[in-house]
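Kindly produce the complete structure, drawing on both the sequences and the hints.
There are 2 protein chains.
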Amino acid sequence: MWHHGDVATASVALTSDDVAGCCSPLTGGVLDTSAAERLAIVFKALADPARVKLVSLIAASHGGEACICDLVEPLGLSQPTVSHHMKMLVDVGLVSRDQRGKWAYYRVNAEALDRIATAVSSQPR
Amino acid sequence: MWHHGDVATASVALTSDDVAGCCSPLTGGVLDTSAAERLAIVFKALADPARVKLVSLIAASHGGEACICDLVEPLGLSQPTVSHHMKMLVDVGLVSRDQRGKWAYYRVNAEALDRIATAVSSQPR
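If you're matching them up, the sequences are chains A and B in order. Read in order, the letters of the first sequence correspond to residues 0 to 124 in numbering that gives the first Met the number 0. Read in order, the letters of the second sequence correspond to residues 0 to 124 in numbering that gives the first Met the number 0.
Just so you know, the hints here were simulated from the structure itself, not pulled from any lab data. A portion of the hints provided could be inaccurate.
Note that the list lumps identical chains together, so a pair holds whenever it fits in one copy or between two copies.
Claimed, not checked - List of simulated lysine to any residue pairs, SDA-like, C-alpha gap at most 20 Å:
1) Lys86 <-> Thr26
2) Lys101 <-> Gly28
3) Lys101 <-> Thr32
4) Lys101 <-> Val71
5) Lys86 <-> Glu64
6) Lys43 <-> Ser23
7) Lys86 <-> Cys68
Remember, it's a predicted structure, so these values are computed and weren't measured experimentally.
Here it is, written out as structure tokens:
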């Protein structure tokens with residue numbers, strides 16, 4: 000679900016309805032406040048080098064999936080800090096989370112990335 | 000120029016070399032710290048509803064150009080606040096600025112938007 004407020008308070012992953020509701024084209028007409036807020040929340044989730052790196056690490060992982068246990072060392076941050084960043088990415092639907100036993104496993108939501116790419120592109124498709 | 004530090008301290012618009020140096024694909028391999036920082040700075044510039052709305056307003060303006068004097072009222076913010084947001088957009092190269100007499104005129108940098116779109120897309124071109 001795309002939240003309008005603080006990213007950190009959101010807790011539900013994107014459904015296809017939510018994805019469809021997000022990401023009006025940035026240059027396809029004047030955005031209303033609600034559409035601008037939804038886009039800004041997604042950009043905010045990516046507005047940190049650690050989170051950008053996490054997305055690239057997960058996408059490049061074997062099978063497109065990464066355990067939180069594999070993400071801590073490459074980031075050089077504590078596990079609680081990495082978990083906090085992951086929560087922000089999951090909350091806006093950029094990444095999905097699957098708890099299996101002790102560890103959480105993450106996948107990048109390619110559809111969400113493509114929605115954002117389309118919204119940012121100067122040539123709306 | 001794409002700055003690695005605080006967006007607000009950058010002051011030079013993108014050159015084509017800088018655009019080429021930005022925006023490694025988010026899902027095309029593990030990003031190094033420098034590439035992750037460059038992308039995060041661009042996302043940070045868009046991580047605010049007012050700045051998202053400003054980009055859409057400028058892009059939708061007659062001839063693709065907007066005077067600062069036309070942007071204040073639709074935003075419902077003070078002119079100094081709008082100018083501050085515009086500076087952040089100009090500093091990362093998303094928008095270009097042309098001072099003509101009393102007023103500054105702005106244009107969206109379509110090439111920069113397309114670089115970001117390509118970087119975010121899950122299907123690298």
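So, going through the hints one by one against the coordinates:
no. : hint             : result
1   : Lys86 <-> Thr26  : between (29 Å within a copy, 19 Å between copies)
2   : Lys101 <-> Gly28 : neither (47 Å within a copy, 27 Å between copies)
3   : Lys101 <-> Thr32 : neither (41 Å within a copy, 29 Å between copies)
4   : Lys101 <-> Val71 : within (15 Å within a copy, 52 Å between copies)
5   : Lys86 <-> Glu64  : within (16 Å within a copy, 39 Å between copies)
6   : Lys43 <-> Ser23  : both (16 Å within a copy, 18 Å between copies)
7   : Lys86 <-> Cys68  : within (15 Å within a copy, 40 Å between copies)
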